[in-house]
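Asks: Chains H and B: place on chain G using the hints.
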Amino acid sequence: MIQIQSIGRPEPICGMDTWVPVPARILEVREENFNTRTFILQFVDAKLREMYRFVPGQFNMIYLSGVGEAAISISSNPHQTQTLAHTIRLVGSVTRAIDRLGVGGIVGLRGPFGHGWPMDKLEGKDVVILAGGIGLAPLRPVIYWLLHHREHVKRVVILYGCRTPEDRLYARELEAWAENGALDVLVTVDNATREWTGPVGVVTNLMRRIKVSAEHTVVMVCGPRILNRVAAWNFLQLHVPPTQVYVSLERNMNCGFGRCGHCQYGPKFVCRDGPVFCFADIADIFAKEEI
Amino acid sequence: MSHPTLAIGGTVFLPRSALRDLVTVLRKRGFTVIGPTQVEGVVALRPLTSGQELPRGVRDEQGPGHYRLVPGEPDLSFEYVVGPDSPKRKFFPPVLNLFQFHVDRESFVLDAGPPQVPKLAFLGVRPCELAAIKVQDHVFGADDPRTVRCESETYYCESRRESFLVAVNCTRPGGTCFCASMETGPAAKDGFDLALTELRQGFITAVGSVRGLEICHDLPVREPSGAELELAELKLHIAHEHMGCTLDTQGLKDLLDQSLDHPQWADVAKRCLSCGNCTMVCPTCFCSTVSDSTELAGPKVMRTRRWESCFTHQFSATTAGPVRNTIRGRYRHWLRHKLGTWWDQFGMSGCVGCGRCITWCPVGIDLTAEAAQIRAHSQNSVPPVEEAPV
Amino acid sequence: MPPDPPASGKSPAPGNSASHSQEEAPRAAIRPRPKLAVYKFSSCDGCQLSLLNLEDELLDLVGAVEVAYFLEARRQVQPPPYDVGLVEGSISTPEEEDRIRQVRRDCRMLVTIGACATSGGIQALRNWADVGDYVAAVYAQPKYIHTLETATPIASHVFVDFELRGCPVNHGQLSELVSALLVGRKPNIPTHSLCVECKRRGCACLLVAHGEPCLGPITQAGCGALCPAAGRACYGCFGPMEQPNILSLGSRFLADGRSAREVKRALRQFNGYLEPFKQGSDHYERLEQGKH
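Chains as they are written, first to last, in the numbering used here: chain G, 1 to 291; chain H, 1001 to 1390; chain B, 2001 to 2292.
Same shape as in the complex, but just chain G (with noise of 0.2 Å):
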């Protein structure tokens, strides 16, 4: 039996104040796709690479002097916190400048926020990843961890789906993780290339390949939001229950602790008590439009 650490909530780490944030280079920046980079980023105070920790799902505001801040999930190994991964894409002007920034930029972090993926709750179970897009990378630290405790959980079954081969995130990564064995890696894409041997078409379909025993099975699904719905339906339909489907969710953030309003979900705030929500939790305003 292994030991599973402990899944409490990390205390978040910042300056001399809530709002000012610490201070961490750029490592590395690894180009993913067109529009999508991972950072590879490392504390500049050798003490809180040593202190932090992180729950996989969870995020930290990435600060960009000058510009603001972008809340982001983490992508790397929660057992390895010397250096984080942020998988980022380039679509607003805190994620256009940390790309102008590149490696040696110094960038400020506050973190880590929100609730994570419920790795308390896989024990026995089979896992099934399912992501659209980006929504891979708050996704992979959840895969870190399962290798790390592969013999802690029955099947894992990943299924990812994105636009074109050229788009997935962690290419090489997923091949190697689709050969290891240890997991069921399918990959499908909207529109393929001559090389592309592999499915075509939404992620949801990828679906209908597998087999899982419903009951005893655990979905966590990210990806846009229509993603989000058809694949947290789609589960439910094959009678997973309710309580087994987690969906992480996307919402302006300021603060990232539940104190400024903006992320606001009906009685939940997306910062505090998600972003990774529980689907029986949210079924109420799930599919409800501008709560």
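By construction, these hints were calculated from the structure, which means they are not laboratory data.
Pairs of lysine-lysine, DSSO-like flavour, derived with a Cα cap of 27 Å: (1) LYS1090/H with LYS1028/H; (2) LYS1253/H with LYS1189/H; (3) LYS288/G with LYS1253/H; (4) LYS1189/H with LYS1235/H; (5) LYS1270/H with LYS288/G; (6) LYS2040/B with LYS2143/B.
Computed spacing ranges between beta-carbons, pair by pair: (7) VAL2062/B with THR164/G: 44 to 52 Å; (8) GLU215/G with HIS1242/H: 53 to 61 Å; (9) GLY102/G with GLY1298/H: 17 to 25 Å.
Positions of the beta carbon are idealized from the N, C-alpha and C atoms, including for glycine.
Replies: Relative to chain G, chains H and B alone:
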């Protein structure tokens, strides 16, 4: 001087002439005294240098989208109720520069901040405002010693800890008041250092804290007569029965949870300006945005926090666009939050019944009326069960 | 008191053809000491003066950007291309119609400053009348006057990257625009109502407490509640806010005893030709003429 009633939880009589002394005593103790003053046709909260600056002989006339000051009883100092300001302005300022810094190689070097915390005494805090302070204490974690360092609202918590609150009970409720419905007034129950009930000769004064007791020792208080106590109680009882508005809170949270598709939301959206006035005057609304500003030349960066409103379109902006795209969605979010989801988030009501959002709405939208419409035309509305006659 | 710069937000300017341009953050920070050009079209020069009125910050501005073309301030002109062009004024002559296209070609980023450039300005009131009548009434020799039938915003002619509202623009917003572009920040220009700024500043509400016909609840913030702080109702010189509910505020004015004509005239001022105000004023014109 000492009386048997001069104790925490006790009641003393403060002569009218001593109201000035109260301001002086507080100022001597190092407090900046904030109280009601008549400014530009409204009762606003401003720093007081003496008790003379308190309005006298003034009443407010409040209704949906309507506020006027009119002459009142010349001798009385507190015949009006709440104006657009609330103590929130001071504990949680509308614009607060958090800190200024610059990047020096590998560190953020602070040039200014965090901001200095003032020592404030409030005179004339109404019971609904005490309730609102209690709500914000909870929202900002001032009442929770377990709040971790990097999630704490330092400015709010410290300025609150320093603060001294002199409450004034409401003997003449305003046209949009409904504190009786929300069980927050018209008489203050707790959360004050001193609480005054105005009579013609002076004030029945309840002592709520050690610091309140200390202040009383410096004031010419005396034991109240039985008649004075009875009169004060009667005035508050009458006030309780004369609220301008009422809100039926019975099962309201569940009702709103079940009414997401109610036609009333579209109806109110036709009237709502989405201007944000209600959120700006609300004493419990806590939304804010922290943003950066930079100098034209020079490396210094300022981080500033400003009040934000859920009625702005960009409030809920994501990379896929704003979540609440319509006025209907934004009004629904706001009303549901105040009266419903606040309970889920904080275990209490987000509305204290002060009526500001009704008065200061430019088109006079009344949330009690909107809630009543939703209740009246709810598919799930069940008539209240009447007790069977014995 | 300094104006209260905005809190957040991407800014889709409502009802304007250039609104989509504000939804995106600037793609890249401008390289060190970018070249700035300032142009004038049909206008009063007030917005250019706001730039010169930056006072304390003017030296910093000249240090941060290279003022390459600014005829109001200096005769020396550097050749295009320019990194940022600030455009004042509306298009009201055939010559201006041609010139704005050249300006667009000369500038990497084009920013309109002020009500004329953004909405057509006060001169756009001619769009509801016959310009020939005006010309005949004003000029002794109308035949020498070459003017267009309409005065129109810059965005009706070329793509505009960003807009600053106001008559004149607020100098705090001008310096926020430039300093934001320098570091690659999305300029912190709010699109919400003026009321948010007015309440933050702590002004007494002129509409509720005094019954004044204040346009604040439908007007975009940015001036720092300049007029309300001086006891004067907002007359909408920053133009319509995001998703303004003009008819609801108009109903309040009518209920207060004001005529449809008064409401129409309140909307048809500096920004009368900007779409939501235009539609609103047309609505009250129909009401005034009994065509409702």
